[in-house]
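Student: Sequence:
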Amino acid sequence: MNLEQAKRLLDIAPTDNQDDIKRKYRRMMGFFHPDVLGSDHPAHIRRAQEINEAYELLKDCDFSISSSKQAEIWKGVWNENAFWTRNIYLYYAMEGAEGHPYYQAARGNYMWEPEEEDFELFLTSIHHATEELLEQCESKVYSKFWEAGEAVREKRFQYQAMLFQCLAAQYMDPVKTLQELAGRKRKDKQGREIYCFRAFLGGMKNCKTAQRFLKLKVKDHLYPEAFLGSKIAVKDREGYFLGHLSLEEDWAYFCMVPLLKARLAQIKMTVKGMKTLRDMRGTGIKVEVDLWLRLEAGVSQYETQSLNRRMEELLAGYEKVLRSC
Numbered sequence: 002m003n004l005e006q007a008k009r010l011l012d013i014a015p016t017d018n019q020d021d022i023k024r025k026y027r028r029m030m031g032f033f034h035p036d037v038l039g040s041d042h043p044a045h046i047r048r049a050q051e052i053n054e055a056y057e058l059l060k061d062c063d064f065s066i067s068s069s070k071q072a073e074i075w076k077g078v079w080n081e082n083a084f085w086t087r088n089i090y091l092y093y094a095m096e097g098a099e100g101h102p103y104y105q106a107a108r109g110n111y112m113w114e115p116e117e118e119d120f121e122l123f124l125t126s127i128h129h130a131t132e133e134l135l136e137q138c139e140s141k142v143y144s145k146f147w148e149a150g151e152a153v154r155e156k157r158f159q160y161q162a163m164l165f166q167c168l169a170a171q172y173m174d175p176v177k178t179l180q181e182l183a184g185r186k187r188k189d190k191q192g193r194e195i196y197c198f199r200a201f202l203g204g205m206k207n208c209k210t211a212q213r214f215l216k217l218k219v220k221d222h223l224y225p226e227a228f229l230g231s232k233i234a235v236k237d238r239e240g241y242f243l244g245h246l247s248l249e250e251d252w253a254y255f256c257m258v259p260l261l262k263a264r265l266a267q268i269k270m271t272v273k274g275m276k277t278l279r280d281m282r283g284t285g286i287k288v289e290v291d292l293w294l295r296l297e298a299g300v301s302q303y304e305t306q307s308l309n310r311r312m313e314e315l316l317a318g319y320e321k322v323l324r325s326c
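In our numbering, the protein residues as written are 2 to 326.
Derived by calculation from the structure, the hints in this document are not laboratory data.
List of simulated lysine to any residue pairs, SDA-like, C-alpha gap at most 25 Å:
(1) Lys60 x Leu134
(2) Lys321 x Val142
(3) Lys209 x His245
Beta-carbon label-pair distances, calculated as ranges:
(4) Arg279 x Leu229: 25 to 31 Å
(5) His128 x Ser307: 17 to 23 Å
(6) Gly299 x Cys326: 45 to 51 Å
We put the beta carbon where it would ideally sit given N, CA and C, even for glycine.
My request is simple: use the sequences and hints to build the entire structure.
Tutor: So this is what it looks like as structure tokens:
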């Protein structure tokens, strides 16, 4: 096997660095390792050997853009206290869309810049960063990870979701994002900024929650009950749980929840209307909601949370799970 064959086998891009090579190697072994396949067929063993051979050829190579070149390409706010570096991805086409090919333009502790980096690619970047963190744990107990059952893999998903929320919070400034992306905004008499969003609640007509929807009237107030990850749980005036709020703009979740948790903002929600929807599952009810987010006086900048200790605890917890299997 030569270098070019190794690159094709592991799907190595010209901009990949050693972290990317290692991640792609481990991901392929996760699919083709005989222990994972539960097979000792010679073809499966040979495939794993080829993947190992390719990695041995590539692990000392670096095909990425140099750090100085990356700095020239990407100019952004640097978060010195971020727990882990991330890749910056851009679409090849200016009018990129989900599923279209993209490339790594830079790597570092760069904050998300809404005007420069597509939000879907920002999420992809954070997802890949959390993959790298988990793979570091798995490399310490490599054999046990491949022997782990479905229960441990489910735990992996849970730990990754929690890491994702923490790392995304370190790379996103909710105040700046609101100011740049929120279309409908105004100020009250005290000069506090107010942003308006369209949101909704939904459920099938035969479920208990939907029955509570039918009792709602236009302009009725709704209230936040709790926060789960980036979701907002909603209740009515009588305290009945109505479900999790859905927003038209995905980035808005990552702005609202950190500000609300830090008590730097308040929200007001009222019922705007109600629709009956029909699809293959049956008849459902959609409650349209007007949501106003008001920043507290003097909140012009959000101090990016450290969360480093929390992420250290999560990784230690995941490693403990791996060692116990």
